[in-house]
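> Now for the letters of each chain:
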Amino acid sequence: MSFLSIDHFSDYKVHGAQRPDFSPYESNGGSIVAIAGDDFAVIAADTRLSSGYSIHSRTQTKLFQLSPLTVLGSTGCWCDTLSLTSLMRVRMQMYEHTHLRTMTTDAVAQMLSITMYNRRFFPYYVSNILAGIDKNGKGVVFSYDPIGHCENAKCRAGGTAGPLLQPVLDNQIQLKNMNLDEKDKPILTKERAVSVASDTFISAAERDIYTGDFVEIKIITKDGIESMTINLRKD
Amino acid sequence: MFRNQYDSDVTIWSPQGRLHQVEYAMEAVKLGTATVGLKSADYAVLVALCKPPSELSTSQRKIFSIDDHLGISIAGITADARVLSRYLRSECLSYKHAYAASYPVSRLMTNLGNKMQATTQRYDRRPYGVGMLVAGYDDKGPHIYQVMPSANSFSCKAMSIGSRSQSARTYLERHLASFKQCSKDEILCHGIQAIRGSLPSEEAAKKEESLAQLNICVAIVGKNQPFKILTEEENTKYLNMADELAGSVIHLKSDDDDDQPPQGGDEPAEPGPSDPLVDVPMDLP
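As given, the protein sequences belong to chains A and B, one line each in that order.
No gaps in the numbering here: position 134 of the first sequence is 134 in the UniProt record's numbering, and each next residue is one more.
No gaps in the numbering here: position 282 of the second sequence is 282 in the UniProt record's numbering, and each next residue is one more.
Chain A with its partners taken away, still in its complex shape:
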């Protein structure tokens, strides 16, 4: 968007013309990590909401439980997050009234993609990661870009510390870029997923100023959703 702004076209500049410097977007920070297992999914998000160098809240959850089997983690511009999750909840309730059943995680993933693309020309500035159990009982993780491109992944990190965390997840969960014998490869259990997720967050909090305070972890299985909270650096 910034490459189309008037600053780059000097022949269009008008002396004395005032340009408003209101930007509709603000980054409120935060990171999300999600890992899909065979019959579970783990999603974790920090709880810090910030604006520039100030902190709005240390205890704002970024995980939104949309159904008993689906959790959406949303970070980026907080107002867009609130608006988007509110819209998703309304659409899911309408679905339940019409179809007399809860939406499957795959259906929610598709609907989220479409909802975000509807705003192609004034996007939701949100980094979304959807985690849940699909209709076959397997764990799934979907990641999105701000205009709704949806991708199925085994593990994904998003938000301000996303670029820091994704390589760690690739290495520890996908076991990439490592020389390991088959017998040394760890199996991805729930406990391992939770410990990798919390460890990555602890590292993120060390390096990313927007990530910290607490990390809220949700473990989704077909039997329900377990929650836990871990302390992070508060500076």
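None of these hints come from the bench; they were simulated from the model.
Misleading hints may appear alongside valid ones.
[As the list claims (entries may be wrong)] Now the in silico label distances, taken between C-beta atoms and shown as ranges:
no., chain 1, residue 1, chain 2, residue 2, range
1, A, Gly52, B, Gln121, 54 to 62 Å
2, A, Pro68, B, Asn215, 29 to 37 Å
3, A, Lys222, B, Thr58, 26 to 34 Å
[To be verified] Once the Cα atoms are required to be at most 30 Å apart in a straight line, the calculated DSS-like pairs of lysine-lysine come out as:
no., chain 1, residue 1, chain 2, residue 2
4, A, Lys176, A, Lys154
5, B, Lys140, B, Lys96
6, B, Lys96, A, Lys222
7, B, Lys140, A, Lys218
Glycine included, each C-beta is placed from N, C-alpha and C at the ideal position.
Chain B: place on chain A using the hints.
Frame of chain A, contents of chain B only:
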């Protein structure tokens, strides 16, 4: 009610000041199977008789959930009911989206009444041919509302609409005083026992021994209880509970006017709740 020259259009008044088309629409409600609504201090309950039109088909849906705090049970044209329930759901969702709160029940009823009234005053629309019992719970407590095709809505302590609902109303009137103190189980049993009288007479005779084969749909809403339609197992549980309670009470056959076979033709089988009748004789053709 006889045919007359003032009933061809909903926009035509009769000389007695009546809108005959609206009154004919109210008759449509009496064609549907019976449904009962009643409330205690903390809960509002809807019970509907789900009788299929023939042995080959399944029964129509009688109870629709609208929101977590509200649901309706209908009698009349199901297609009209679906349209209205879609409207109510959409209103409740918009309110929740805008105000992060549940739509207060009485205001929603006013809103619905306004929508339904429009159809009684236009030459190109017809009244909705469906009567509803609305069970809701908000910070004013539980509510039961009766909504009729005339667009009138009445707040009720208990009510029954549909065909053969007079015996249910009699039961409700008789036990009205005890409803307020009822527990959740007791109020559900009262609802089931009330609707028992609305079965067609041949089946009522067969089923006198046991309520357990009754084909009903039950829903409850209240304090710490989002609107819920009970499952088959829960239905059976409460049917059996009502059975036990009924066994300990002598069944008074004399009140049941509806044990006579239903009368066909234009004559209504029972007066039923309706707008006040004028005491001027009607025009005959």
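> Next step is simple, just say for each hint if it's right about the structure.
Evaluation of the provided hints:
At roughly 58 Å, the beta-carbon separation of A:Gly52 and B:Gln121 lies within the given 54 to 62 Å, and the hint holds. A C-beta distance of roughly 30 Å is found between A:Pro68 and B:Asn215, which places it inside the suggested range of 29 to 37 Å. Distance hint check for A:Lys222 and B:Thr58: the Cβ-Cβ separation is about 30 Å, which falls inside the suggested range of 26 to 34 Å. Distance hint between A:Lys176 and A:Lys154 is fulfilled; the C-alpha atoms sit about 13 Å from each other, no more than 30 Å.
About 18 Å separates the Cα atoms of B:Lys140 and B:Lys96, which keeps this hinted pair within 30 Å; it holds. Proposed proximity of B:Lys96 and A:Lys222 is supported: the alpha carbons are some 29 Å apart, at most 30 Å. About 36 Å separates the Cα atoms of B:Lys140 and A:Lys218, which puts this hinted pair outside 30 Å; it is violated.
Checked against the numbered hints listed earlier, the structure breaks hint 7 alone; every other hint is satisfied.
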